[in-house]
Amino acid sequence: MTDQETSYRQAEANVVLRQVGKPLERTDAVGKATGRTRYAGDYTMPGMLHAKVLRSDIASGRLKRLDVSKARALPGVACVLTAEDLPDRLAATDMPGQTGQKRAATDRQILVREIIRHHGEPLALIAAETPALADKALDLIEYEIEPLPGVYDTASALEPDAPIVTEPDNVVGKYKIRKGDTEKGFAAADRIIENTFYTQFIEHAFLEPEVGLAWVDENGVVNIRMSTQVIEHFRFIADALGVPHNKVRILGAMVGGGFGGKEDITVELYLALLAQTTRRPVRLAYTREDSFVGHGKRHPFSVSHKTGVTEDGKITALEVTISADSGAYVFLSPYVLLYCAVAAPGPYRIDNVKIDAAAVATNNMYTSAFRGFGAAQACVAYEAQMDEIAKALDLDRFEFRRRNFMRTGDKTATGQTVESAIWADECMTKALDALGDKPADTGTVKIGRGVATYQQSYGRITWFHDTSEAWVGIEVDGTVIVRSGVTDIGAGQASALGQIAAELLGVGLDDVVIYNSDSAVTPLAGTTTATRALYMTGRAVHTASTNLRERLVAFAAQELDARPDEIDLANGQAFVPDDPSKSMSLKDLASRGASEGLERSELAMFRAPFTDPIDQETGQGPVFPDFTYGCHAVDVAVDTETGEVTVLKSVGAHDIGQAINPQAVEGQIEGGALMGQGYALSEELIYEEGKLVSPSFSEYLIPTSMDMPDIQCIILESRSGLGPFGAKGIGEPSLTPVAPAIANAVADAIGTRVFDLPITPEKVVQAIREAQR
Amino acid sequence: MLRDFELDMPADLQETLACLPGGTPLAGGTNLLVDLRARRESAERLVWLGNIDAFRDIKIEDGQAAIGGGTTVGDILRHPGMERAAPALVDCARVFGGQMVRNQATLAGNVCSGSPAADSVPPLLSLDAELCLASATQVRTIALDDFYTGFKKNRRSPDELVTGISWPVPGPNTANRFYKLARRKGDAITVVGVAVTVTRDGNTCTDARIALGAVAPTVFRAKEAEALIIGETLTEERVDEAAQKAKELSDPIDDLRASADYRRDMVQVLTRRLLNQAWQSLGEKEAGR
Ligand SMILES: Cc1cc2nc3c(=O)[nH]c(=O)nc-3n(C[C@H](O)[C@H](O)[C@H](O)COP(=O)(O)OP(=O)(O)OC[C@H]3O[C@@H](n4cnc5c(N)ncnc54)[C@H](O)[C@@H]3O)c2cc1C
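Chains as they are written, first to last, in the numbering used here: chain A, 110 to 882; chain B, 2 to 290.
Chain A with its partners taken away, still in its complex shape:
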């Protein structure tokens, strides 16, 4: 069933893997299961202060008066900072790059000086001896805000006399993609089908709200131990403090979930300012309510598809218009928009494509990174459109997809040739097989089946010139150490590195210790975002381990009187497979090597493909290193009288190239199934005039264990990816197809569609009624 016709790049075929590909117990498992793992919030220091952030409770206004005198006078309050107390510096909202480059004019004010642009924008920082005193001080701050007219949807923001949130015209990003000739393509079509799909604001809802502890050490370095996906914001923090980059150090800890919500700067800037001012350790722990208003959200998108198709189900042309609400500050909106534009055609071969995308500023909460990063919203639209087209043509939905799927060797809409395997079809077939027979309807409860396939990048945009470093060393007793700045946000990022080093150095995972997530002492590995950690840092560890292995093998060859190509390393031994007399333990090898001055460590850098930016007018050119393909399929039961949707079975099938740890991959697929189900059915942040009115888990409804069906994970391994051992990425891709699969299943059950997520019971009932009219 695999794609035999075209050959694709395949990594290291036919090697025997001893550690990689095995569902080993992760290095972080026992600590977490026994509660011994220390998260950032578990660290304290003698004499530390407790911080609080005062935030605006309206979305658009002018700060007329801010009086902190009573708060300052409260005994036990060490410090209250307002914009007046800060030098006129800004906070970066850009993606941290290894190159130090930054987009112009995208930074935001650190604290409100005059104009408030969104609900939750910080007005003042407090540090006090106890959390209760900090709370009390917060209540003592007096302020007056004059409400200003705001704009709360993208269409209004583009009107001629709209209030300007972001200069000059509220447009913060624009992309165009042009391929072939859509006019000709539509002329060749028998049918043209047009639909618009809408997605909502959603919340990352990680288990661990933002938290950190900062102190200034004896060298004047500001140290920040915190929960983050990105330790390399230290540079931006230094810029905001006005100190050299080497005077700020960020130490991570095990992270209780990120999903993109800990990709931007969160508590570290406030911590650094308060520690710098007070010269005392300061701890800041967001409450859940702080977290709801304190970080950027997933962009609501409207995505309009106009598709030309022939009667026999061949897509001849596609026009897509995309609009995203970027909220009050730029943050990563232009990049999210680009991801959506590039992903918009889906995993389909379409010769004539025209895509126009814009991100527009409003006074809603700013929007930024969120697992799936625009590509998830794109999939919500293109997979719904595929089903709508099939329905209009009266074609089988799966067969219609098969007639249009990209196949290995095909190019994307931006003209990038995909060098890895394209197994969208294979994944869909496996997922559908796993669902088996569709259960029968019972009375008013109708059963629906839906799939969604996808194409999603892993690794960062190629003109960011992404790099990652790792260090691997072998101790004189034969044990292995890995050092790398990578942050582990709960997916087993660190453990996977250990498994790669263990594989190449011939030891077990138990013999490896990993030090990670310290911007000063571990080699910088970049961000744990963009489904890049395993790909990039995995490759750096792979290279470092391979180079070290070569030296060990050469030395062992000398010691064992053999040729290097005869030597293998496994089970803590260096040996000649065919000659039992020639073997020695790695312990002896390493200690012998040490006494002979053998270099027992290696620092390696991995560089992603570097390209120039795509053409501004046509969008043509490579955008990403590579893509993952897969499918999610579900059966749902819909109570057509009440509109309640129950997901009966949920199957994710993904070609991830090579699973480093299949158990960790299953964790991603299961987590994606849950998060996508919430996106489809129940999660929504509701803003009224920019003010968040659903700021708690009693209104913001993530699925509970009682809402989740059995999830089946199917891992396909083409070994064709750019990652270590041919791995692709699964972190974001596992989420992307879930919501559209559920939306398609609901549409299948009720014979009509809800075009805007989330698909609430009320909307289902409405859609059924409208269809009956």
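Treat the hints as calculated values from the structure; they're not laboratory data. These numbers come from a predicted model, not from an experiment. Hints may contain errors.
[As the list claims (entries may be wrong)] DMTMM-like, lysine to aspartate or glutamate: derived pairs with alpha carbons at most 25 Å apart:
#1 B:K186 - A:D748
#2 A:K423 - A:D505
#3 A:K293 - A:D421
#4 A:K758 - A:D505
#5 B:K186 - A:D550
#6 A:K245 - B:E7
#7 A:K872 - B:D252
[To be verified] Selected chain A positions facing chain B (in silico; Cβ < 7 Å):
#8 D244
#9 T576
#10 T749
#11 E750
#12 I795
#13 E808
#14 L810
#15 M815
#16 D816
#17 E871
C-beta atoms are modelled at their ideal positions from N, C-alpha and C, and glycine is treated no differently.
Starting from the known structure of chain A, fit chain B with the ligand onto it as the hints suggest.
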């Protein structure tokens, strides 16, 4: 942050009742502590009920079911006799909160919190439950149907404790059901809750209860709808009439969870559905005899 409060931990019922004037009973805390933290509640002295002897006892005898004032939702689920003594209450317990909340939340706390979305109230109303209220000076019983006076208002005086809830065990020709409609299956605030009781003798409905949750300032019985089916054969038309009446009697609000219109429609859908199910299940029982 949770504000500071005083906590009394009296040793028995008498001491508890002595503490109550000026104190607020703390049972599972799944409403009270949440409300204190959100500053919706300003109690300064809490009285813990955890030391009261036999406060979680459940007795089912002589056609009467009685549960102690400290009985949790989980206790209801685990008690083998409840399936028969209070079918709707068991339906409710299965979908109440999540596992952790069920182990902590008490029925008395649910009843006293007085939320129109309090899930145990429609089932208890459909079972003609009574509350036993005790203070240091008197003990009285009050029908649950007479308990609520308005949104989160009731006839309990601040020095009274709910020490028990009781109801007559439904007979074999009575069916009793509850359905909770919500935006997700666990830990969700109810959008519409409906409980019905139907007693069937041959082809006649001899008694009926219809109790509606989350569609008015308090949970209430749709008595005019009940009247439309008592003494009748529950044909499709009769049931439709009752469901229509229940819809008319409800007075819901628009909120983040659902619109008032949807809620009204769902009262009709669920009332119809539950009455039909109840009636038919009794029909099957009769046929099977
Ligand atoms: C995550 C979560 C999920 C929830 N899900 C549901 C749900 O599905 N359905 C639902 O209805 N509710 C739900 N709730 C609300 C709550 O759990 C229930 O109302 C619960 O029954 C309250 O009982 P308690 O023992 O925790 O009461 P407490 O919080 O201790 O008390 C509630 C009120 O009743 C008073 N009180 C308590 N016991 C007595 C007594 N014996 N006599 C007099 N007064 C008393 C208290 O003083 C207080 O005013 C949920 C809450 C949470 C946090």
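Outcome of the hint check:
For the proposed pair K186 (chain B) and D748 (chain A), the alpha carbon gap of about 14 Å is at most 25 Å, so the pair holds. Distance restraint check for K423 (chain A) and D505 (chain A): the Cα-Cα separation of roughly 13 Å lies within the 25 Å cut-off, and the hinted pair is therefore satisfied. Between K293 (chain A) and D421 (chain A), the direct Cα distance comes to roughly 18 Å. Compliance with the 25 Å bound is thereby established for this hinted pair. Distance check on the hinted pair: K758 (chain A) and D505 (chain A) sit about 21 Å apart at the alpha-carbon level, within 25 Å; holds.
Restraint check: the Cα-Cα separation between K186 (chain B) and D550 (chain A) comes to about 21 Å, which is no more than 25 Å; the hinted pair holds. For the hint pairing K245 (chain A) with E7 (chain B), the CA-to-CA distance comes to about 19 Å; that is within 25 Å, so the pair holds. For the given pair, K872 (chain A) sits about 21 Å from D252 (chain B) by alpha-carbon distance, which is consistent with the 25 Å threshold. For D244 (chain A), the interface hint holds, the least distance from its beta-carbon to any beta-carbon of chain B being 5 Å, beneath 7 Å.
Restraint check, T576 (chain A) versus chain B: the minimum CB separation of about 43 Å is more than 7 Å; hint violated. At about 10 Å, the closest approach between the beta carbon of T749 (chain A) and any beta carbon in chain B exceeds 7 Å, and the interface hint on this residue is violated. Below 7 Å, beta-carbon pairs count as interface contacts, and E750 (chain A) has one with chain B at about 5 Å; its hint therefore holds. With 7 Å as the threshold, the beta carbon of I795 (chain A) comes within range of chain B, its nearest partner Cβ sitting at about 6 Å, so the hint holds.
Taking 7 Å as the C-beta cut-off, the interface hint given for E808 (chain A) holds, the closest approach to chain B being about 5 Å. Using the Cβ-Cβ criterion of 7 Å, the hint placing L810 (chain A) at the interface with chain B is satisfied: the shortest such distance is roughly 5 Å. Annotation: M815 (chain A) was flagged as interfacial toward chain B, and the flag holds, the nearest CB pair being 4 Å apart, inside 7 Å. Interface hint status for D816 (chain A): upheld, as the beta-carbon distance to the closest one in chain B is roughly 5 Å, under 7 Å.
Hint on E871 (chain A) holds. Least Cβ distance to chain B is approximately 4 Å, under the 7 Å limit.
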